[in-house]
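Peer 1: Spelled out from the first residue to the last, the chains are:
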Amino acid sequence: MQLKKFVAGLAFAAGTSVISTVALAAETIKVGVLHSLSGTMAISETTLKDTVLMMVDEQNRKGGLLGKKLEAVVVDPASDWPLFAEKARELLTKEKVDVIFGCWTSVSRKSVLPVVEELNGLMFYPVQYEGEESSKNVFYTGASPNQQAIPAVDYLMSDLEVDRWVLAGTDYVYPRTTNKILEAYLESKGVAKEDIMINYTPFGHSDWQSIVSDIKKFGSAGKKTAVVSTINGDANVPFYKELANQGVSSEDIPVVAFSVGEEELSGIDTGPLVGHLAAWNYFQGIDSESNDYFVQQWKKFIGDEKRVTNDPMEATYIGFNMWAKAVEKAGTTDVDAVEQAMIGIEFPNLTGGTAKMNKNHHLSKPVFIGEIQDDGQFEVVWATDDVVAGDAWSDFLPGSKDLIADWTAPIKCGNYNTKSKACSGQAE
Amino acid sequence: MKQFLRSVSLVLTCLLVVLSTGSALAQSQAVPPAVEEVLQKLPEASLRETGELVQQLEQVGGAEMRPLFETMLAGDLYFHKTSGELMAVQKNIAGELIGRDVFTGAELGVQGRRDIKKIRVNNRLRGQLRDAIGRIDLLHGSEAEKRTAVLAILDDLSANNLSLLQSAADVGVSKSVGDLIELANAMVRLRDGSTTDDRLAAIALMDDRLEAPVRNQLRRLVDDENEQDAAVKAAAQEALENITERIEFYGQMEQLFFGLSLGSVLLLAAIGLAITFGVMGVINMAHGEMIMLGAYTTYVIQQLMPASIEYSLLVAVPAAFLVSGSVGVLIERGVIRHLQGRPLETLLATFGISLILQQAVRSIFSPLNMQVVTPEWMSGSLAINPVFSVTYNRLYILLFALAVFVTLLTILKKSSLGLNVRAVSQNRDMAKAMGVRTEMVDAMTFGLGSGIAGVAGVALSQLTNVGPNLGQSYIIDSFMVVVFGGVGNLLGTLVGGFSLGVANKFLEPATGAVLANIIVLVCLILFIQKRPKGLFPQRGRAAE
Amino acid sequence: MNAMSNLIEKMTRVLTELRQPGKGSSMLVGVLLATTLAMSAANLLLPADSAFYVSTYTITLMGKYLCFAMLAMAVDIIWGYCGILSLGHGAFFALGGYGMGMYLMRQIGDRGVYGNPDLPDFMVFLNWQELPWYWFGMDQFWFAVLMALAIPGLLAFVFGWLAFRSRVTGVYLSIMTQALTYALMLAFFRNEMGFGGNNGLTDFKDILGFDLQADATRVALLLVTTLLLVIAFITSRAIVQSRLGRVIVAVRDAEARARFLGYRTERYKVWLFVYSALIAAVAGMLYVPQVGIINPGEFSPLNSIEVVVWVAVGGRGTLYGAIVGALLVNYAKTRFTAIMPDGWLFALGALFVIVTVYLPQGLAGLLQRFGRSESVQAARREEDAGSDSGISTREVNA
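Heads up: the sequence lines are chains A, B and C, in that order. In this text, residue positions in the first sequence follow the working numbering: the first is 1, and each later residue adds one. In this text, residue positions in the second sequence follow the working numbering: the first is 1, and each later residue adds one. In this text, residue positions in the third sequence follow the working numbering: the first is 1, and each later residue adds one.
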């Protein structure tokens with residue numbers, strides 16, 4: 001009998017905390033932060049948590065939103081993918097947050113997706129990703145492949161006259177999809193199959209000797225060779241170290257990376273990497289007034305002069321400000337109203353120009369290609385003339401070339417087939 | 001090697017500059033007006049225009065332009081925003097920007113960050129600069145520079161370059177550079193030669209060369225459908241096969257080295273565990289974090305002595321041993337001591353400790369990776385021939401791993417501590433009865449094992465990320481190695497580490513990295529079924 | 001303070017009663033069933049603003065905990081009763097989960113984003129042309145369940161048969177189980193395997209025709225989980241209390257002796273290992289529809305170690321200890337990750353250290369110590385010490 005009371009007590013304790021948070025909810029607007037603070041992804045995601053906290057501070061100093069203060073609710077999903085879903089549910093049902101900023105890896109987003117859709121939450125996802133998704137409840141402020149990979153390849157082809165390609169990536173969905181897209185794209189540009197080498201390695205791969213040696217051999221065939229790297233996070237340091245040690249310089253075989261930014265470089269001795277490239281929508285080194293202010297504000301907030309900013313931070317910055325604008329425009333934090341208000345919202349980029357939220361919940365942003373400098377920063381060597389609209393569905397994949405996303409009436413669908421004029425996968 | 005050469009060449013250029021300025025002082029300015037004219041365009045030029053300007057500079061300025069090109073290549077060329085003056089700018093230790101005259105090296109004083117602007121250089125430009133420097137070096141450079149320059153020309157046998165080679169040969173070169181020039185000429189003869197004999201002779205010269213351009217030319221010739229000369233084609237085919245065979249041989253050598261290198265990393269990671277787990281029987285899940293502490297110690301040491309990075313690793317090795325070792329002693333005294341005789345529970349406690357240590361590092365150093373600099377002497381590679389080179393860091397780590405192993409073995413076999421350790425691990429009660437202070441020995445053993453793990457961390461900091469997850473990525477491999485070799489047997493750990501490393505690397509080309517890893521694991525599982533006590537089972541009473 | 005000691009006293013009494021066979025297990029069964037039934041009713045029947053309303057979040061959370069509890073119990077059966085420390089039980093759990101995940105994936109049908117009736121989404125965008133052979137039949141629930149049991153069962157049998165026959169024991173066995181789950185994790189990470197790589201299987205729609213997002217389905221899943229946990233608990237209880245169970249304990253305490261007495265110890269171990277793997281697989285099958293995702297991370301050796309920690313915290317060799325340990329640690333994890341996101345690992349790590357150093361018998365041991373009269377306690381302590389050292393020396397040396 002007693003144990004029953006004990007367990008019931010536990011359940012009750014859980015219940016009361018729900019009640020207490022409900023009572024508070026009316027006074028503030030709650031901003032959920034769903035980034036890993038421990039485990040393997042903490043290295044990247046902690047920064048984004050701090051960015052959101054900084055943005056919340058800033059907004060509160062400006063007087064909050066709709067006359068209410070903002071309140072950040074931080075949880076730690078601990079790089080554990082099912083825990084992401086659980087914490088998202090906790091944020092939405094228990095904490096009753098009005099918006100979530102969160103996720104880094106694709107798998108965490110996929111894990112959270114059913115939950116935000118079920119509970120009709122609102123989430124901002126700030127990281128470059130493989131595309132092939134558009135949810136009513138998610139806004140994607142990072143780059144999709146056509147905003148990163150394809151411009152980078154174009155640059156290598158036209159400016160460096162690269163004819164031979166190594167597509168090296170970590171074995172997960174982002175590199176797989178990006179490389180599929182790039183392969184189709186390169187073939188459409190007349191690159192022969194034997195001039196493309198594709199290589200996948202596991203997460204956190206640390207012994208790159210054989211692969212770098214293979215790349216070297218592949219690159220010694222007398223044609224200009226470049227590596228397009230979708231290698232993820234931790235595996236990059238040993239990869240670049242091995243490149244440098246085996247004498248592969250950026251002039252022989254340049255590496256263009258989509259997952260290496262200022263923050264990743266801060267953990268590497270960049271001397272031997274000078275000249276390798278990265279493609280992003282933002283670089284800390286880009287000279288503009290708002291960027292200067294942002295960088296200074298960040299350094300002050302974090303209390304470290306050496307901390308750097310990076311692209312996902314800018315994506316968070318734009319996402320947050322767009323959300324704030326949309327809430328003011330809609331006059332409420334109600335998800336459906338904000339979702340509609342978001343579409344078409346514009347906000348100035350830190351790098352100049354204006355980002356715009358499109359009907360497919362992806363952003364129009366400029367694309368930059370930068371070369372690594374020995375101080376760990378990038379120097380822009382190429383930029384798009386205008387903003388590029390993010391594609392939710394790639395034109396280069398057979399499965400998705402007929403799909404578009406459009407969240408405005410009358411289509412209101414994340415995967416609308418332009419041929420069959422139907423919204424596939426929609427439960428009636 | 002390259003790094004080293006580069007620094008040598010820098011010193012040489014400095015000397016040259018000093019010498020030439022000495023003689024040029026009387027001529028007021030070293031820069032001729034034609035060059036000056038081009039230089040003035042540099043600040044305004046776009047990247048593409050800069051490329052053209054560099055070409056012009058090479059034509060009008062010749063060898064004098066080398067320091068300028070070097071400065072540009074290093075990304076140190078700036079111009080003053082108001083005066084438009086060009087200068088080489090570098091940071092001194094205090095972090096101030098010091099400007100120097102590009103050609104004379106004369107100091108121009110401290111520059112304000114906002115006053116100067118960099119002349120932008122991109123990848124393509126860097127390649128162009130390097131080629132230009134190569135061409136200058138061909139006539140004026142050192143032996144090694146000439147070599148590099150000729151090698152670069154092998155890729156581009158234009159008439160211009162060939163005449164350059166000719167003039168270099170006329171100036172007089174060493175035998176090895178002379179050979180390379182001869183090779184270049186042979187390649188031209190094969191390409192442009194008119195008689196079969198002439199071309200066959202050229203192929204004979206190219207027959208045993210491993211340089212990539214030779215290979216590529218032969219392959220193009222073999223694949224060329226317009227090639228009429230069957231004899232030349234057959235000879236080229238044969239030469240190509242010869243070369244491929246040799247390359248394959250060196251490929252095997254390379255794989256062996258890769259395998260040994262991976263093995264040495266595994267050995268380093270596992271060797272501390274071979275003590276704490278193998279000898280003491282503690283299932284030390286915090287072992288990885290001991291490695292991590294060693295790596296962080298390296299980072300801290302480098303922060304403390306930024307001026308002498310070259311020696312930082314030498315300091316870091318004992319420091320890491322002390323840090324990890326004392327944390328190890330603390331863990332033993334604080335926790336493991338209470339778990340005497342309950343080894344499986346040590347797994348749980350040390351797992352908890354590993355979580356705490358990880359989070360502690362995250363709180364103290366931030367969750368970001370820390371930047372550990374690789375000293376010059378560990379950068380680059382030792383080129384044995386054009387297709388086989390050995391990277392210095394891997395080579396040193398291989399030697400270091402062996403040194404650590406030998407040291408440890410000596411401690412265990414020869415010292416009195418070693419004797420005590422062995423006694424306690426074989427029969428604790430009997431050792432105690434004989435007057436061995438078992439508690440003391442336990443603490444020392446655990447400290448030794450942890451300290452060695454810390455030392456391994458110093459080495460690993462040169463290969464991989466220094467971050468909170470560093471330890472986790474090695475813990476499983478370490479256990480595999482120790483169990484494969486046989487618990488309680490150091491020699492087993494050595495053999496185990498190297499054989500797993502080599503097996504992995506020989507499988508990798510055929511299967512890819514992941515599958516190779518999986519196959520090795522499955523084989524390991526099956527092996528343990530065959531020999532349940534590992535490669536070298538421990539004998540004696542303690543082994544039941 | 002008074003209330004606190006009162007509570008401890010009560011809990012103590014409860015758990016002491018639990019210690020006695022028969023009565024204890026029926027208690028636990030009753031409590032589990034009653035709690036989940038009450039929670040279910042509160043979720044479905046009460047309005048959302050009622051003070052006693054239990055949110056769907058709590059329901060799914062409870063469901064997840066109970067799956068973990070079942071997994072912990074599976075580990076306890078072989079570790080606590082047979083001395084086989086498996087650091088790879090997550091493998092069986094995940095394999096069961098993948099079986100269920102494949103079924104759920106096939107149920108999506110043409111409601112995936114690409115509208116392909118045959119192929120799951122991840123195969124469409126990676127340009128697969130047809131379903132791999134091992135996916136056939138997985139759209140049938142009975143077949144999927146059969147596979148989700150058969151594959152882990154078979155794996156456990158082969159592994160156990162090989163290992164126990166050649167007398168791989170103790171630490172060697174633990175490391176081998178770890179190697180097993182590690183190898184499987186690497187394999188499932190590979191996209192070529194056709195299990196969705198790192199992303200795993202997700203975005204499930206319904207199970208047996210019921211909408212997975214519906215409250216009623218969630219409640220039903222929770223109840224099914226509870227029921228199966230109870231069944232597994234009773235069965236396991238029966239096994240360990242039977243003659244068979246005594247042999248198993250004998251194998252744990254003195255395998256050589258049991259062998260000399262004529263018992264084919266490896267057979268007992270193999271079958272117990274398979275039984276435990278099957279329970280883990282069932283837990284995995286129930287876990288997937290409730291959390292909505294299965295991915296290779298579940299194979300991670302660290303996850304399996306965590307399970308062992310739950311058992312140790314609860315107290316091994318008691319069955320109910322594993323359940324209580326899993327529930328408590330996971331509840332603590334949920335709370336800590338929300339209350340102190342930056343420092344919760346300190347708390348969790350410290351908890352493990354303290355429990356192992358000061359509570360060798362886990363919470364169950366602690367509560368028994370409170371609940372027992374002095375004389376009994378002393379006798380028990382002697383007995384515990386005896387059996388404890390018995391286990392461990394064998395584990396070191398074996």
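Simulated from the structure, these hints should not be mistaken for laboratory data. Just so it is clear, CB atoms sit at the ideal spot from N, CA and C, and this is done for glycine as well. Some hints could be false.
Unchecked claim - One side only, chain A facing chain C, incomplete, derived with CB under 7 angstroms:
no., residue
1, V56
2, N60
3, G64
4, P82
5, S111
6, R176
7, I302
8, F396
9, L397
What the hints assert, rightly or not - Pairwise CB distance ranges, derived in the manner of DEER restraints:
no., chain 1, residue 1, chain 2, residue 2, range
10, B, D170, A, A192, 39 to 47 angstroms
11, C, A350, B, Y311, 46 to 54 angstroms
12, A, D386, B, A63, 41 to 49 angstroms
Peer 1: Report the numbers of all earlier hints that the structure fails to satisfy, in ascending order.
Peer 2: Numbers 1, 2, 3, 7, 8, 11, in rising order.
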